[in-house]
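Undergrad: Please work from the sequences and hints to get the whole structure.
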Amino acid sequence: MLQDTDRITRPPIENLDEEFRKEALPHMDALYNFALQLTQDSDDAADLLQETYIKAYRFWDKFEKGTNCKAWLFRIMKNSFINFYRKNTKSPEKLDYDEIEEIYETIKSNEQNPHNLDREIYDNVFDDEVMQAINSLPEEFKTVLLMCDVEGMSYEEIADFMDIPIGTVRSRIHRARKLLAVKLYDYAKSRGYNVDEIGEE
Amino acid sequence: MDCKEFQEYISPYVDNQIDSVKKNEIEEHLKICSSCFFDFKVESLAKRIVTFRFQKATCPEAIRNQIIFNLASQRSFSSKVINYIKVLFANKTIRYAIAFGVLLIGFLIFYNPFENQKEKYYYELAKIVYQNCKEIRNHNFPEKTIFASSHDVVMNFISSNGIKNPKMPKTQWSIIAAGIENYQNYQAAHLLFKCENDTIYMMECEMDKISHSGYLNFVKEIHKDLAKKKFFKVDHEGCSIILRLENGVLMAFAMSSDNKHSMNELIASLD
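Quick note, the sequences are listed as chains A and B, same order. Read left to right, the first sequence gives residues 212 to 412 (this note's numbering). Read left to right, the second sequence gives residues 100 to 370 (this note's numbering).
Careful, some of the hints might be misleading.
Cut-off 30 Å, straight-line C-alpha distance, at most; resulting in silico cross-link-like pairs (DSS-like, lysine-lysine) [unchecked claim]:
(1) A:K233 with B:K140
(2) B:K146 with A:K319
(3) A:K289 with B:K121
(4) A:K276 with B:K155
(5) A:K276 with B:K122
(6) B:K185 with A:K233
(7) B:K185 with A:K273
(8) A:K266 with B:K155
(9) B:K121 with A:K319
(10) A:K281 with B:K185
(11) B:K122 with A:K400
(12) B:K140 with B:K121
(13) B:K155 with B:K140
Read the hints as simulated data drawn from the structure, not as lab findings.
TA: Below is the structure:
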């Protein structure tokens, strides 16, 4: 179908506003990623991405030139998602953070050498396990963490984007990382990696 | 800095989003507290894993193309028009010209000076005819004489006398008045004639059923007849004419200005 439209009439990309092309289009990969994170489904992600860009283009004159275009696009996507897609997604799993904190403290008391823990987990956990661990985080933690570590947004931008106080951003990132560490430690252990042995080396 | 405060600033420290004073305090604390150092290492590890091991999906080419296609299509319709209007309105002169044009059109729609002038003219005309009719009515006229001062009067006369396209009576008759009626799109020649028994008939002939020259001949014939009679004009311009006939009958005609030319001709020939 795409090829058909290609052949018949394809409006040239030059039709697009030049600034929009330069400012907004380069963020398509990042936005697609974010859409995948939000929807957990590639078809929904494509729809959400499309809707985001059409809205952005329609309101392009509302965008304050010189401000962070990426953050602006992310906000449009988040709002679109809240409006149209949320009802289709699973509610984030409930999480007992105190329990995680307890597990974390146990690990901490078992692991004497943090340098080893760092190296072994980083090297020995598979990529798909990393993805699985990240995806298992509650949505509000996952979003903040990805904004920060993957998209490289500042705390201020995230606070602005999520519409939460900067202190909340700080604590969410902190908690998200602890959660992630506990999960990755579990993976490492379940794959037979003996943390204790390495710690004694 | 104590451990509690350290926990608060550990994330901004790892993310390098902290001022230099706090950074120094944290680094001092890290040297002396192994528990917090452990937390720091774990937090750094988590960040490194997310940053470097998170597999970023790239937007599939088909989706990317489809989006750009849709955006560019949007552009070629609504946005282009809006943009064009925007550019047009950006120019001050054009903006004022458009505003003036809109105002002018609005003015012409709601207050048509030409229409008004015409209305005014007809109003004046009607006034004259009305005054004359009043004068006419004070005279003693033979029965069934009509005052063809308006279309309605003519129509009333026709209906009240049951006359429709009357045929010329074969008895003796004389023309008492003639004129042109112009009512909206309807144009007709009128002829009033009196029979021996003093009954007055009216003949109405639609303009489009006779040629213009034929009509003029028709009028001329009548004029010849009318020329023998005395008459006076009330209003040349307004094509309103009152004829005083031999027997003292007054006939009033009101015509619209559309027939001014032929009416003026009529008047000139009568003079």
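Undergrad: Take the hints in turn and mark each one as holding or not.
TA: To see whether the hints hold, each was checked on the structure:
no. : hint               : verdict
1   : A:K233 with B:K140 : 39 Å, violated
2   : B:K146 with A:K319 : 18 Å, holds
3   : A:K289 with B:K121 : 33 Å, violated
4   : A:K276 with B:K155 : 28 Å, holds
5   : A:K276 with B:K122 : 33 Å, violated
6   : B:K185 with A:K233 : 22 Å, holds
7   : B:K185 with A:K273 : 15 Å, holds
8   : A:K266 with B:K155 : 24 Å, holds
9   : B:K121 with A:K319 : 25 Å, holds
10  : A:K281 with B:K185 : 27 Å, holds
11  : B:K122 with A:K400 : 34 Å, violated
12  : B:K140 with B:K121 : 18 Å, holds
13  : B:K155 with B:K140 : 24 Å, holds
Hint violations for this structure: numbers 1, 3, 5, 11, all remaining hints satisfied.
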